[in-house]
Amino acid sequence: SETVIDKNECQLKQGELIPFLKLAKETDLIMTGHLKVPALDPLNCATLSQTIIQKYLREYCQFTGVIVTDCLT
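With this note's numbering as the guide, the letters of the sequence shown map in order to residues 1 to 73.
Hints were generated in silico from the structure; no laboratory data involved.
It is possible that part of the hints are untrue.
What the hints assert, rightly or not - Straight-line alpha carbon distances no greater than 27 Å define the calculated DSSO-like cross-link-like pairs of lysine-lysine that follow:
#1 Lys25 x Lys36
#2 Lys36 x Lys22
#3 Lys55 x Lys25
#4 Lys22 x Lys7
#5 Lys7 x Lys55
#6 Lys7 x Lys25
#7 Lys55 x Lys22
#8 Lys36 x Lys7
#9 Lys36 x Lys13
#10 Lys36 x Lys55
#11 Lys25 x Lys13
#12 Lys55 x Lys13
Unchecked claim - Just the calculated beta-carbon pair ranges, DEER-fashion:
#13 Val4 x Asp28: 26 to 34 Å
#14 Glu26 x Glu2: 26 to 34 Å
#15 Ile18 x Gly65: 17 to 25 Å
Glycine residues also receive a C-beta, built at the ideal position from the N, C-alpha and C atoms.
With these hints in hand, go ahead and build the complete structure from the sequences.
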């Protein structure tokens, strides 16, 4: 079964995205979760989402390091 985070973008920025924003400047690697976030990308899980990786990790969080995952199922 798939994990779905069913919150709007504002709620995500006030909660779930905070650790990524804070840690993006302190780490060289971020691991994505294989979960659905329909408010950010209604079609793809976070691991496969160019929107989440590019718009949020790269642009919003200004993360320049390596992005990996441990799950491709």
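Taking the hints in turn, this is what the structure says about them:
1. Lys25 x Lys36: holds, 25 Å
2. Lys36 x Lys22: holds, 22 Å
3. Lys55 x Lys25: holds, 16 Å
4. Lys22 x Lys7: Status holds; Cα separation ~20 Å.
5. Lys7 x Lys55: holds, 17 Å
6. Lys7 x Lys25: holds, 25 Å
7. Lys55 x Lys22: holds, 16 Å
8. Lys36 x Lys7: At roughly 11 Å apart (the allowed maximum being 27 Å), Lys7 and Lys36 satisfy the hint.
9. Lys36 x Lys13: holds, 16 Å
10. Lys36 x Lys55: Roughly 16 Å between the alpha carbons, so the hint for Lys36 and Lys55 holds.
11. Lys25 x Lys13: Holds - the C-alpha atoms of Lys13 and Lys25 are around 17 Å apart, at most 27 Å.
12. Lys55 x Lys13: holds, 13 Å
13. Val4 x Asp28: 26 to 34 Å: The hinted range 26 to 34 Å holds for Val4 and Asp28, with Cβ atoms some 29 Å apart.
14. Glu26 x Glu2: 26 to 34 Å: For Glu26 and Glu2 the Cβ distance comes to about 30 Å; the hint holds.
15. Ile18 x Gly65: 17 to 25 Å: holds, 18 Å
Comparing the model with each numbered hint stated earlier shows that all of them hold.
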